[in-house]
Structures are given as structure tokens and as C-alpha cells.
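Participant: Sequence:
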Amino acid sequence: LPPLKNGGEQPTGFRKKAAARPKASAVKKEPKSDGSEDGKKTQIQYNPDVPMSKEQLTAWRREMRRVRNRESAAASRRKVRDRIEELEEEVKCWKDRYDEVMGRLGQAEGKKEEDEE
Numbered sequence: 701l702p703p704l705k706n707g708g709e710q711p712t713g714f715r716k717k718a719a720a721r722p723k724a725s726a727v728k729k730e731p732k733s734d735g736s737e738d739g740k741k742t743q744i745q746y747n748p749d750v751p752m753s754k755e756q757l758t759a760w761r762r763e764m765r766r767v768r769n770r771e772s773a774a775a776s777r778r779k780v781r782d783r784i785e786e787l788e789e790e791v792k793c794w795k796d797r798y799d800e801v802m803g804r805l806g807q808a809e810g811k812k813e814e815d816e817e
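Using the working numbering, you'd call the opening residue of the sequence shown number 701 and step up by one each time.
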């Protein structure tokens, strides 16, 4: 395995395959005993289910953050694509409506010219 920047050895669970990664157990921090949270969101701690050294834990958390970030970015891109598709459909509807109105306007102008003759 390639060494980490800090000199430690890379943990074995860092392959791109999801099955090879150690699973995380998410633990939410509880609000203060008086019920106030000082306007902060509840923070989620990610802890591996297997024991690791401090360097391995740091590397594991970094990798898990990368995975979460990658998933979040993919969801964001998917959301943008969906919105673009919606807008393209809306543009198509407006173009069809415009063509219909212009056709009716052309017919009305043609009728008007016939009436004037």
C-alpha cells in the first residue's frame, strides 16, 4: 500500500468498492441539557465499526468525507439536470404557444385583407 503523507500506512478499507470499506455508525450529538442548541445544527459523528489507529481513523474519516461529498455532488448535478429538463419542456410549450398565436394572427390578417378587397 502507498504510504500516507504523514508517514502512516494506509488502512486496508480504502478501495473504491463499497463492500471493502468499513461501515460507519453515525452518532448524533445531543443538545444541551437545558434544551437549547444555540441555533446550531445537530452534528453527526462518523465512527468506524472496527478499531483503528489515530492515523488510520483520520484517513478513514477523510475518505468517508470524500465519499459523502461525491454523493452530494452527484445529487446536485442530478438536480440541475432535472431542472434543465423542466425548463426545456417549458420553453417547448411556450414556443408551441407562440407558433399557434402567430398562426392565428396570420389567419386574422389574411381574413382582414380579404375583407378589404
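Simulated from the structure, these hints should not be mistaken for lab results.
One should not assume that every hint holds.
Calculated pairs, SDA-like style, for lysine to any residue (alpha carbon to alpha carbon, straight line, at most 20 Å) [claimed, not checked]: (1) Lys-754 <-> Arg-766; (2) Lys-779 <-> Glu-790; (3) Lys-812 <-> Met-802; (4) Lys-812 <-> Trp-794; (5) Lys-792 <-> Lys-811; (6) Lys-754 <-> Ser-772; (7) Lys-779 <-> Arg-768; (8) Lys-795 <-> Lys-779; (9) Lys-795 <-> Gly-806; (10) Lys-795 <-> Arg-783; (11) Lys-754 <-> Arg-765; (12) Lys-792 <-> Ser-776; (13) Lys-811 <-> Lys-795; (14) Lys-812 <-> Glu-800; (15) Lys-795 <-> Gln-807; (16) Lys-740 <-> Lys-754; (17) Lys-779 <-> Val-791; (18) Lys-792 <-> Arg-781; (19) Lys-741 <-> Lys-779; (20) Lys-792 <-> Met-802; (21) Lys-741 <-> Ser-772; (22) Lys-795 <-> Leu-805; (23) Lys-811 <-> Asp-799; (24) Lys-754 <-> Lys-741; (25) Lys-795 <-> Ile-784; (26) Lys-741 <-> Arg-768; (27) Lys-779 <-> Asn-769; (28) Lys-741 <-> Arg-783; (29) Lys-792 <-> Asp-782; (30) Lys-792 <-> Gly-803; (31) Lys-779 <-> Glu-789.
Computed Cβ-Cβ distance ranges for the label pairs, DEER-style [stated by the list, open to error]: (32) Arg-778 <-> Asn-747: 43 to 53 Å; (33) Arg-778 <-> Tyr-746: 21 to 31 Å; (34) Glu-755 <-> Glu-786: 40 to 50 Å.
Backbone N, C-alpha and C define an ideal beta-carbon position, used for all residues, glycine too.
Participant: Find the hints from earlier in the document that the structure breaks and name them by number, from lowest to highest.
Facilitator: Violated: hints 4, 5, 6, 8, 12, 13, 16, 19, 24, 28, 32.
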